[in-house]
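For the protein sequence lines, the chains are A and B, in the order given.
Residues are numbered in the working numbering as their position in the first sequence, beginning at 1, plus a constant of 66.
Residues are numbered in the working numbering as their position in the second sequence, beginning at 1, plus a constant of 44.
Just so you know, these hints were derived from the structure itself, not from any lab.
C-beta atoms are modelled at their ideal positions from N, C-alpha and C, and glycine is treated no differently.
Any given hint could turn out to be false.
Only part of the chain B face toward chain A is listed, based on derived beta-carbon distances under 7 Å [claimed, not checked]: (1) Ala85; (2) Tyr95; (3) Asn109; (4) Lys139; (5) Val311; (6) Pro419.
What follows is a list of derived Cβ distance ranges for each label pair [what the hints assert, rightly or not]: (7) Ile115/B x Gln337/A: 27 to 33 Å; (8) Gln337/A x Val268/B: 24 to 30 Å; (9) Pro226/A x Lys308/B: 51 to 57 Å; (10) Val353/A x Lys308/B: 51 to 57 Å.
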Amino acid sequence: MRATLLKCSLVVSVTVGVFFALSGSASAQITRYQEDQRLGTESHIGNVTGHAKAAAMDYRRYCVGCHGDDGDGMGANEPWLDPKPRNFTLGQFKCRSTPTGTLPTDEDLFDTIARGLDRSNMPPWNTFTRQQRADLVAYVKHFSPKFQTEKPGTPIQIPPEPEVTADRIKTGQVLFQKLECWKCHGVEGKANGPSADTLQDDQNRPIKPYDFTDGTRPKCGSSDQDIYKIFMTGLDGTPMPSFADNVKPDEAWDLVFYLRTLQPMHSKERQIAKQLGLKPIDPNAPVPEATPAATPAPAPQQ
Amino acid sequence: MTSFRRSLASALLFVFIVLGFASSAHALPAFARKYGLRCSACHEAWPMLNYFGQKFKDNGYQLMNDRDAPIWQNPSYWPVVFRITPNWHRESTNKVLVDTPAGPNSGEVQVTSHGFDLSGLDFHTGGTLDKNISFYVLPSSDPTASFHFEQVFARLDNIFGSPWLNVKLGKFELDNLVSEKRILTLTSISGIYQTYHFIPQGDGNIFGQIGDNQLGVEWMGHSVNDRTRVSAALLSSSDGNVNLSYGNSYSGFFAASQAFDVGKLGVDRIGAYAMVGEAPTTYITQNGGSIIPGAAIGNKSYSREGFVGLFYFGKLDFLAVTQHGSDSAWFGAGYGDLPGGTIVNNNIPGTTLPVGARAPTWNGYMLETHYVYSPQLIFIQRSEWERMSQQADPTSASNFGDVDMYTIGYRYYPIMTSRAGFAWHNEYSWTRQRGTAPDGGDLSSSSLLLGFDFDF
């Protein structure tokens, strides 16, 4: 009898445990047909092809707590996070190599997953294999109908990085003033410009500009090329616009060099700025003449 | 079936059903609360770490972003987690020498006991004191609430900005690739890795138990993506016991591993470890036999070394561990440990080893398999085999003391949040040790456990 009881307990507990574990909650946002269609989404990273369907388990394990079952950024942690998790359904991404308003490339999403996003709760997921990451890229894409109907933008062309010179840094400073970067980032890059406290993202949530002086990495990467891309493509969904129409490609490097002087890390740019005795800009002073043909900055994108 | 048993079965069924319907609590243990990540981000199934969790640990409980420094935390945030497992368990041993019912001085019977019970209680607190200074404090109790420090350390992480320079001081989990402190099995038999604790019958060396947390200092280095890991630790040969309870002897523990990207299968890892050291066999006494703590001499050597592998095949993964162990003949003859704080064998001047005494050696093998159906449901099996290759006493049977252990079970996590962990744990284990029953036969035991394993 004891043995029978034992067996019954085991059978019941195993059966019940397995039953409830296997019963998942299905999303009611889209039809099963649409879901099946979208789960066919692929990504292409070099010679690796990612499949959305293959990433379902990893998404559930690693991502769903913030980004939610439906990819709408409404995961269980959402109320406590600042900034809020990305809503994948909108198909709008900050870190891109493509022009503002366009979809990112698969490589952009692939790189973002591995790099993480500083000053957010998105850690660097560089423990995934390339295949896992490619699968997750496809899974992220499957949430947005945009990826079904639109193609990604064409990545901007980044000219070769020139040699850093004192003249280029000075020109970059002029651009910093002329493009009114200081209005948000402050004259010393401390994120304390006159507009800093008023900024909102396109969901009307308060957002802070990047503080160049606190030693943290810029959100979309810390290489010179990454910084170049940030202001030439803009951070879609935030007030940070694209300056691609206002700055010539080669001049953009001057701005990159000047921005480096604002960061506390040891760099050649800081060394040159020190030798020059470079002072912060005076926003009330007229923009110096003989500067590059930069046109006025666009209004911040709300 | 009696009405009582029917009621019990109904009650169990009710509990299981309630458990099954429990809805996800949208709410955050300590690290998960800090970073807003689910348990599943760092644990294949908690408490076992996955690759991301291992990297997080190797970085000093840091994700290596700006959220690592405690300044980011709400001042009221206190990184404390408790863990305990109320359970029902059944233990059975095939041959126990009893006075009754056969009468005094005789009777070898099977003894089975079962009932509701508690595990010990762990209070984990850990995190960062500042960017790149991490800590861990773990007061742990037995089921009667008698506490000891299971783990206490501070660690300097990424010294000079290098992931290859991390130094830890205190009592800590050895850098085992397959760590007993992350074990998924809970019965009285499977709650430890036999391979990490095996010592030959009659052997007095408790010091080489690499499943136990140890006191010492550790250097650890790893590549940025944690694919390559190396560590070396200098440990007091005290098996983690505080107050310098044994002698002034030390051991070293070394580990290295390398991970490989195997495409669709995931990231596999292979490694090797070694523990080599000395421990005392001679205890200095005073006042008629009282041991002077920490003054033991007569150090003898021992070693444990082996290979480790973690292999992933989609939802199926395998942990494999081998070990070759060797003790000095003095340990093999029972010198070394102080069971209950008293000397059983003391290697005082003039002591000689039994005629023919040899240094015991053995080999251990462990294979643990997981089938991760989903982050919320994991099936587990583990098989362990400990085989003597040389007995200390040449007259002993060649398989005397050999151990076989098998366990099978599953853990179901009905909730998967970033605030708490809860698991329904079912497991059955069986073990057999050759020649150690009172009649000289094989001693076998089994254990069944059904419980709620939770932490918050």
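In rising order, the numbers of the hints this structure does not comply with | As far as the earlier hints go, 4 and 9 are violated by this structure, in ascending order.
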